[in-house]
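A.B. asks: Residue numbers (the numbering used here), protein chains in the order written: chain W, 7 to 279; chain F, 4 to 332; chain G, 5 to 286.
One or more of the hints may lead you astray.
Stated by the list, open to error - Label-pair restraints from in silico Cβ distances:
id	chain 1	residue 1	chain 2	residue 2	range
1	F	Arg80	G	Leu264	52 to 60 Å
2	F	Asp112	W	Trp184	19 to 27 Å
3	G	Ser44	W	Arg29	45 to 53 Å
4	G	Leu228	W	Ala222	37 to 45 Å
5	W	Ala25	G	Arg110	21 to 29 Å
Source of the hints: derived by calculation from the structure; they are not laboratory data.
Beta carbons are placed, not taken as given, at the ideal position from N, Cα and C, and that holds for glycine.
What follows is the residue order along each chain.
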Amino acid sequence: MIVRTLPGELKTLALLARAGFRRESTYLMAMLAGLFTNVVFGFIRASILLAAVDSAGGQLVGYTRDTISAYVWLSQGLIGAVMLTGTAEIGERVATGEVAVDFLRPLDVQAAHLATDLGRAAFTLIPRGIPSVLVGALTVGLVLPTTVQPYLLGIVSVLLGVSLSFLTRFAVNLAGFWIVETRGVTSLLAVVQSFLSGLYVPVHRFPGWLGGIAAATPFPSILQAPIDVLSGRVTGPGALLVVAVQLAWVAAVAVLGQVLIRAGRRRLEVQGG
Amino acid sequence: MTGPPPPTAVEVTGLTRTFRRRTGTLLRRTVTDVVAVDDLTFAIRPGEAVGYIGANGAGKSTTIKMLAGILVPTSGRVRTCGLDPVRQRRDLARRIGVVFGQRSQLWWDLPLHESFAILAAIHQLPAAEARARTTTLVAQLEMGDTLVTPVRQLSLGQRMRAEIAAALLHRPELLVLDEPTIGLDVLSKQRLPEFLVAERTQEGTTLLLTTHDMGDVERLCERVLVVDHGRLAYDGSLPGLARTVGARRILVVDLAQPGPDLVGLPGLPQVQHLGSEGGGLRQRLAFDAETTTAATLLAAVSARAEVRDLSIEEPDIEDVVRRIYSATR
Amino acid sequence: MAETSPSRSRPRPRTRLGWATPYVVVAQSRLRAQRTYRTSFVFDLFGSLVVGLAELGEVWVVFHNVKVLGGLDFSAVLLLFGLSNLAFSLGDMVFGHIDNIPEYIRAGTLEAFYLRPQPVLAQLMVSDIQLRRLARSGVAVAALVAGLVVNDIHWGPSTIALLLLTTLSGVAIFGGLFVWAGALQFRLVGGGEVTNSFTYGGSYASAQPASVFPTALKVTFGYLVPVVFTAYLPTLRLLDLPSPSLLPSWLAWLTPVAALWVWGVAALLWRDGTRHYQSGGG
């Protein structure tokens, strides 16, 4: 119903998002399997990081037992949505040449794929995202903010984080226009992205120089940022700043994606597909 | 294995295979039982060439899989080369060769000759014998120029010949071909049967061929098993099949103008009008090739209406099967 | 009809390597095939190296903030990491492709295995050794060597024996876990990712000081999915450290028993899985 009132292109994007959501819902078994694995990893990570906090005397880089548990379970829950180690569909479409069809459509290729991915990510939150946090809350125990504001801003932050993850994967997959075998580059991205986004350890725990490197990349804004906002680690103006940085990165990588798409399209036209 | 060959190459008794299909969502599940193979009984003697025909989904591939030990029968008994395919799978693998038309058993990214070398090792053929056998097969199937090509770059025709050579490398007693000529070019379709006939004469290999192409059967087989929805509808010789069914060819005429259906042609009561398109512009007439010639029918049609163009269709498998079914009921 | 050719009634001939011939030849062909895609292989090798380094980096970051974790300091953890990662990367190289069963079914590869005179699992094992994982083993060896050097270890024949026993059994344990994963794939339609919880989850757990685990995890990864045997217990033993509750360090000598347990379960699961496949499931 909301969809029908939107102007033309936005409506199409909303429809694509809904299609992405529906498609993902057919993979329910895979989602539940993913949830199980997420939870197992969550338990292991929680034990390590809790022990680390204990070892540091109850407080580690601003994390206490409860807040680090929140970090662990939020990050495990968001893995499905953020999809740090996947490849974007665009990569295959470029490899097979099907992308030519995408260029013929009147919709911006990047926006279209992004909309679909957002729909997909939204669905994953249901069987993977929320249950992960629930399991953590019921077993290990964690603490989450009691006010509404972190959650409202958190939703925006998650949205931006998912978009950023998708856009970086999208941009890297476009390398397929110029390189034949993109698997090496995409898997390299997956590793670097996982590491620098705060999947294994919070970015805040990185030593100075590594933290500096991470800050120069969009990756912390993918996962660490939404977690910080949702868990209430940053509030008020601090939280707004984090979201603003996310927004900036989204814009930057989106522009990069546009540039690459146009260059790729030109190359396709020149080469004859 | 030493000793005399078994009395039957394939022996199947009351063979049945049911599949359980679960459909629907997580909350609303429906379970249906699909009977793919239904109480089949037949025997193939060593050295025979048998065509196993039926429409798609009639249970042919399922039967092959049970013969090879890939699938376990739901009930009934199957013996291939005298062995229980499931319990004695590895012994059986030494004595049969199977080619699945849609799937490749070769090594995709390596040159063809390496596939042969690997298979020779798998069947533990001594080097000299493997070399000699490969050379013979390659020569007979005219594959000399493809040996250094990676398998994934071969054309469908070349690949099919390679698959058959690979299946025959270890001199199996039984060769099973599952839909081998789908998508093959006309020339390959000629050459393969010639090769197979020669091979059988030399080695006495039993041949079981599943297909839904009647042409394949005509070229290669003396005996035909027709299966319909998992049941054996006919077991006998090919000429017998034609007689039972009444091999019908179809004359398709494009008339100069649309007109009424061409029924009740004088002197041709057994000609059946199958359908009209475009208000009678194109009409399809089935006739029994043994009692009427195409020329006679054409003459009768021309007497009734002006024929602009025509073509003739050979009986297709679905038609044959349908008629067997109604004939045996 | 032609006479039966003389070749049919002869006894099975002998080849140079005897029964091992098929496996050796197939494995060799896989290695050759991987090397033909030269640039892709180099890329993969590099990527594998980066993964190894990232995992080491992860450990290092944890210890940047905390000096001791679970009774182990960074040098001890280096040894732990080296042992665990070496066993896993080698196991992954040799057996890692086995959990790909759904792909093999889809491509018809599994059917082809049924048509050949070797056991299906054995064929599966040699069918796709991933050479590129060697780079990760390189990182693991480096960490292991560093760990052995930096720590105060009482060297002797028993130390060497323990190291060898641990590594070999460790590879066997992780290999067996991949067979569990493959076997379970026959029954898990769409839910296959569950197996990552004990293959990759097991690898992750094996590189941690298990003393920090709650009881449930200690029992799971100590005895059910016994990855604690692959690195943590040997580390305690080698460094003469106190054992945590439920996991006495002398168990390190029983790593082969853990491997036998894993492969015993693997055999059962595999038999069940293939039976299910042959009964039309999947």
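A.B. asks: Give a verdict on every hint.
C.D. replies: Taking the hints in turn, this is what the structure says about them:
1. F:Arg80 x G:Leu264: 52 to 60 Å: violated, 38 Å
2. F:Asp112 x W:Trp184: 19 to 27 Å: For Asp112 of chain F and Trp184 of chain W the Cβ distance comes to about 24 Å; the hint holds.
3. G:Ser44 x W:Arg29: 45 to 53 Å: violated, 30 Å
4. G:Leu228 x W:Ala222: 37 to 45 Å: Holds, at about 43 Å.
5. W:Ala25 x G:Arg110: 21 to 29 Å: Holds: the Cβ-Cβ distance is about 25 Å, inside 21 to 29 Å.
When each numbered hint is compared with the structure, violations occur for hints 1 and 3.
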